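Just need the whole structure built from these sequences, with the hints factored in.
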Amino acid sequence: MHAVYSNSIPDEEIKKPSNDLTNKVALITGASRRIGAIIARQLHAAGMKLALHYHHSETAAHALQAELNNQRSESVLLLQADLHNTAKAISTVRQAVEYYERLDVLVNNASTFYPTPLGKVEEKDWDELMGINLKAPFFLSQTAAPHLSKTQGCIINLVDIHAERPLKQHPLYSTAKAGLVMLTKSLSRELGSKNVRVNAVAPGAILWPENDLDEVSQQRIISAVALKRHGEPNDIAQTVLFLVRDARYITGQVISVDGGRTLNQ
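Okay, so the sequence shown: first residue is 1 according to my numbering, each after it adds one.
Calculated from the structure, these hints are not laboratory results. There may be inaccurate statements among the hints.
[Claimed, not checked] Ranges between beta-carbon positions, derived for each pair:
(1) 192 / 123: 34 to 40 Å
(2) 119 / 91: 35 to 41 Å
(3) 80 / 47: 22 to 28 Å
[To be verified] Below, a list of computed lysine-lysine pairs in the PhoX-like style, where the Cα atoms sit at most 20 Å apart:
(4) 150 / 24
(5) 194 / 24
(6) 194 / 150
(7) 120 / 194
(8) 185 / 120
(9) 135 / 88
(10) 124 / 135
Because the structure is a prediction, the values reported are computed rather than measured. Backbone N, C-alpha and C define an ideal beta-carbon position, used for all residues, glycine too.
Listed below in structure tokens is the structure:
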């Protein structure tokens, strides 16, 4: 007698987990501009309350807060801090928790990016690039972890495809982001038993650097992308939303949002 297999699942076995984000709280670092601001808008549109960290971009931060509070009053808290200062990074998490009395999501988005050609690197460059891209996410995550455990929350780190394939003349940045990938995996092991998921998103060609990459360089990058076009910030924000809301059984993973650029070996 042969077993009969079916692809159908009985209705009673289909469990729909609650993925309503209404009034849940996300802390996003580097949230006032660029990809951070788009992530903020996406999570806010899904019903979340936000604690938005910024460093220098005060005008942009207040404009974003006003925009989102206009849509839903008292739903956005601004937190200014230099994340190089570990005490201030820790305080940023504590202020968010004290204000909202909970924390469901930490998005480590704040980043520093600039070239460091070998032979010209100074110690301050090491401290700057390792500090924001790796040290700050660690201490923010360590501080947030007990609060995220209470809410079965998650941490999402913004890494880079260059964590895997180093960018020429950017050895410190590439190394820091590679460290953040390993931190993502390490924290997922450490925090899995505490009901905290930890994942990362690795953007490809989404926004050009603010120091204006020339058109020839842009086209060279696009030619290496399988889809032959650059992505949009919302592609990153939607991936973050997926990891926050829908990916209840995914942890320790890095999702590349790069249009297939990493296929080009």
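Going down the list of hints, with the structure as the test:
no.	hint	result
1	192 / 123: 34 to 40 Å	holds, 36 Å
2	119 / 91: 35 to 41 Å	holds, 38 Å
3	80 / 47: 22 to 28 Å	holds, 25 Å
4	150 / 24	holds, 12 Å
5	194 / 24	holds, 18 Å
6	194 / 150	holds, 8 Å
7	120 / 194	violated, 44 Å
8	185 / 120	violated, 32 Å
9	135 / 88	holds, 13 Å
10	124 / 135	holds, 14 Å
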